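Asks: Sequences are here, hints too, so could you generate the full structure?
Respectively, the protein sequence lines represent chains A and B. One gets our numbering by counting positions in the first sequence from 1 and adding 15 to each. One gets our numbering by counting positions in the second sequence from 1 and adding 1399 to each.
Hints may be right or wrong, so weigh each one.
Unchecked claim - Taking lysine-lysine and the DSS-like style, the derived pairs with C-alpha atoms no more than 27 Å apart in a straight line are:
no., chain 1, residue 1, chain 2, residue 2
1, A, Lys26, A, Lys50
2, A, Lys331, B, Lys1626
3, A, Lys92, A, Lys558
4, B, Lys1410, A, Lys26
5, A, Lys929, A, Lys829
6, A, Lys641, A, Lys662
These are computed hints drawn from the structure, not numbers from a lab. Everything numeric in this text was worked out from a predicted model, so none of it was measured.
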Amino acid sequence: MIDRPLDTSPKVADEVKYSTCYMCACRCGIRVHMKDGAIRYIDGNPAHPVNKGVLCAKGSAGIMHQLSPAKLRKPLKRVGPRGSGEFVEIEWEEALATAADWLGAIRRTDPKKLAFFTGRDQSQALTGWWASQFGTPNHAAHGGFCSVNMAAAGLYTIGGSFWEFGEPDWENTRYFLMFGIAEDHDSNPIKTGLGRIKERGAKFVSVNPVRTGYSAIADEWLGITPGSDGLFVLALVHELLRAGKIDADYLLRYTNAAWLVIQDPESGDHGLFARDAEGRPLVWDRAQDKIATAEVCSESAALKGERTLPDGRKAKPVFHLLAERYLDPCYAPEAAAERSGIPAETIRRIAAEIATAAFDSDLELDQPWTDSAGKRHKTMRGRPVAMHAMRGISAHSNGFHTCRAIHLLQLLLGSVDSPGGFRYKPPFPRPIPPGQKPAGKPGQVKAGEPLPGPPLGFPTSPEDLLVEADGSPVRIDKAFSWEAPLSAHGLMHLVIRNAWAGDPYPIDTLFLYMANMAWNSAMNTAGTIEMLTDTDPETGEYKIPRIIYSDAFFSETVPYADLILPDTTYLERHDCISLLDRPICDADGVADSIRQPVVELDRDVRPFQDVLIDLGTRLGLPGLTKEDGATKYPGGYTDYLVNHERKPGIGSLAGWRGENGESEGRGAPNPKQLERYIEKQCFWRHELAPEERYFKFANRDYLETAKDLGLIDAAEPIVLQLYSEPLQRFRLAGEGKGPLPAPERHRERLADYFDPLPIWYPPQEDEVGDATSFPLHAVTQRPMAMYHSWGSQNAWLRQIHGHNPLYIPEGVAKEAGLEDGDWAWVTSRHGRIKAPVKIMQGVNGHTLWTWNAIGKRSGAWNLSADAEESQRGFLLNHLIDELLPERGSGYRYASSDPVTGQAAWYDLRVSIEKAEGDSAQSAPRFATLTLPGLPEPPAVSRYGAKDSRGRKRP
Amino acid sequence: MTSLPDNPSGKQLGLVIDLDTCVGCQACVVSCKEWNTGGYPAPLTDISPYGPEPLGAWLNRVHSYEAGEGAAGRTVHFPRSCLHCAKPDCVTVCPTGASYKRAEDGIVLVDEDLCIGCGLCAWACPYGAREMDPGEKVMKKCTLCVDRIYNENLPEADRQPACVKACPSHARHFGDLADPESEVSILVAARGGYDLMPELGYQPSNKYLPPRASRAQEDGRMLEDAKPEGGFLGWLDDLLSR
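Replies: Here it is, written out as structure tokens:
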């Protein structure tokens, strides 16, 4: 018998520190188990509301994120040409003084010459406020190239949105429809939820051109043609209307279905709501048989019939207009089948299944509640059909309307915030749209002064746009201009191009944070690199004179900046996941959280938030300095976190407010607040009472609680907007009507796209391109084990996704004579790439796809110059033009959704041919990047070896 | 040759993996790597971690592939790790006694101090579940987190394999498969859990749960017009006349 000493109870940690993950945007609670001063392992916090103990591949790879040899080590000043990688290390004092010098000069003269854009950061409550204090309107985060279509369509329709701001009712739904790729946001809750609904026996239908990830476990996969989801959804709407399978009570009580719409085509208020003298919408009251003021939670109004208004004009209820439109045979399943690739009989069957699930359900929660009119209900009636959509819908130029179409479908079923349907996570629902308007109108941008409000917001009419008297954009990204009126998240994908072109004006400094704009976050990557390095032939100066960049890693963008302000990792700093920004609430609770440093800094880098506060103090920004110029927050970011109040009593964190931590939501700053968070595992959660959990838009108790917690200003009910009056106001402007008619050249576009009811139109690339030259669609999917370009520098994750094949359908492979492992040239109207192909069955027959952001530039991220990410990995970005071809007027609009400015990544059209006899390397290729001061990456990693404890024989 | 235990306890720990809900997210793969690189088999070496062709030891891998044609086609995410067989040739083939099966719980382990890295066990395993550590040149394999599941330094709820705790869709379950009353045995019975390649006779302990049958509407009922003769307005009249 061999003696086998085996310690089954080794000590695994000296200390367990709680924090919040940042390996993606999911914000899971983590426990970091520390042993001998190093991270032994990271796992999910079982008590945390987001992940409840589970953790994804990225989260578990946090150790390798922390150990990355690509971590920046010290501030850098560029000394060679941009892109050369020639930098010298400088001290922080020099770095901050330089930045303050550049920015101070801008602020003293023309604050909009600073363009400050941030990437996937989670501190937008601070960054947006900082920009506003600086006085520049040229600020946004990366939402414009991410998923603003989802945010805007949701916030203008239901006062909430998919994203991670709502969730399917996993415990009650009986039918779940998921549209497009959704593997990034809310990722662990969705995975857990999918497991749960399959256990419960609910049906899961995935509508996605590609059968990977979540789609692989769907009960039914519909391999739709990219960009045609809106057609499919409106055909479902047609079917449900045709069969009368709608929830008329819900529509009457909670939506604007009965509001009367003025029918006076020649007038400037055609298509707007008929209102009384106080501005309240009017309806036709069936009980009294007369015009009356719309009342929430009432069922007495008429849904149909042309009525005569007091002024003698005609009006029809929203629902009447809606039904007339979508009952038209042009919305029938037969009309959607060819384009969407989903047979008409399948569409009809799905509609029937949805109707059965919603209306033949006996789901009724035995939970009394009180509506906003004060009426007590004994139960909560369910409509157990839930939906979720994200980037696959969003990243098309028709994404706003498609997302609105999905919300329309949900509303007709009465399933928004009903048991079994889509559920809001607080602070949503919010007023439709939220009341915040973008600041930065002409006259609001002044030397040395802050903006009067935040740079981002929600226009409701042309008067809210940020345009000059001649109609030209105020903002460098042309957000909130006639080109993209509802661009609630800005248009980060246009900043570099516009700054380079001086269109609408040149800027002085581009200040970027955590956005890999010289690589995978840019359309037209090669062109973008040229713009960053292009000089004015007369002066020899760069066309974008100064670039300041903050990143924690040697990303592809670092070599193109003039000044590098190195950030920490998420394990080395405090952060705040705030109700003012993107909190971690769930449908049953209000919550926020923090990060705390769990690993000691071993480099001369600083948390970006601290740097912003330091810079702001040096610049004398009023929110950050006292009258004598001294800083308001001598303790830096943590001081700000605890003591900054956005409104009296409301600050970054909602938990343990009040001098002694006795308040929630509202309350005086508590000097011990962060200590309390750390004691409580770094999160705070207020659980909603059972009667507050559904119908939140008209649930009196919920709305009161939301007001008390500071989530909304008033406990007013929120009427869901099937018909969007703000859109109609822009359409009127496009027809040359209303108080601010649009400039002539934008009119047709506004009239076409600002339909107050959801429409479908082909993705713009379908219309501008030559369909026979570029017959195929090309999209990306985000792998669940990877997020952001930093994933593929991770020693563990890059072994899972080290390169990215171009997946092609069998038919396409056959036609092009391609086999697995062959290389192919893929061509769009804009560019050409070479990529290795792999044949796949589970993909729409007209679609190519690959994983997102795997391809790297040689040398970047401190990977070896011959790493497979740069040799075989590739980006589709090179094929995507950031502008559309010229229109008749000669003007080139952005490759963006015309309503929101959302980057239309997935509109891409391509052709494919076999690459014969070339080297087995992806193309285009770029010079290898270098950066001084980084360590030599290890040839072997034996992480944990020192932790082997007592099991080896002596 | 290494002998199997001649007085097994009657307990057989193992995993039950649900192919109906595995989305292929790789959470189990990386959590396994993370725990075990500092655990019993430490380290799990990575060669060329930042260079070309990185090569690491992983005790659990998920393979994604397609199966079936046309409408019956499916994308399969297949997690693969040691199945802790009742008749593990990987143990009996071991020339040094390094590979062994624990009598007390049926876990198959490698005693690295005895391992000479000959690789015979990997050849003997039909499931490809063994990993030669590319740096240490000894064999590594799934330990069912033997240093977690009994670990009195961990809270009781955490005494489960790292992969099971991490799995976001709860597609992984852990327990005693020799006990017909255990939760995992009941789950296997209810869902028709099966052995991989039973014909080979290794009697794997881990079980796989097959995908559930698709839920299509059985009666094939389609929606009928609400009021074919009256059109939209007639239908609304009906709707609102209640």
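Asks: Each hint: holds or not?
Replies: Hints, one by one, checked against the model:
no., hint, in the structure
1, Lys26(A) / Lys50(A), "9 Å, holds"
2, Lys331(A) / Lys1626(B), "22 Å, holds"
3, Lys92(A) / Lys558(A), "19 Å, holds"
4, Lys1410(B) / Lys26(A), "26 Å, holds"
5, Lys929(A) / Lys829(A), "11 Å, holds"
6, Lys641(A) / Lys662(A), "18 Å, holds"
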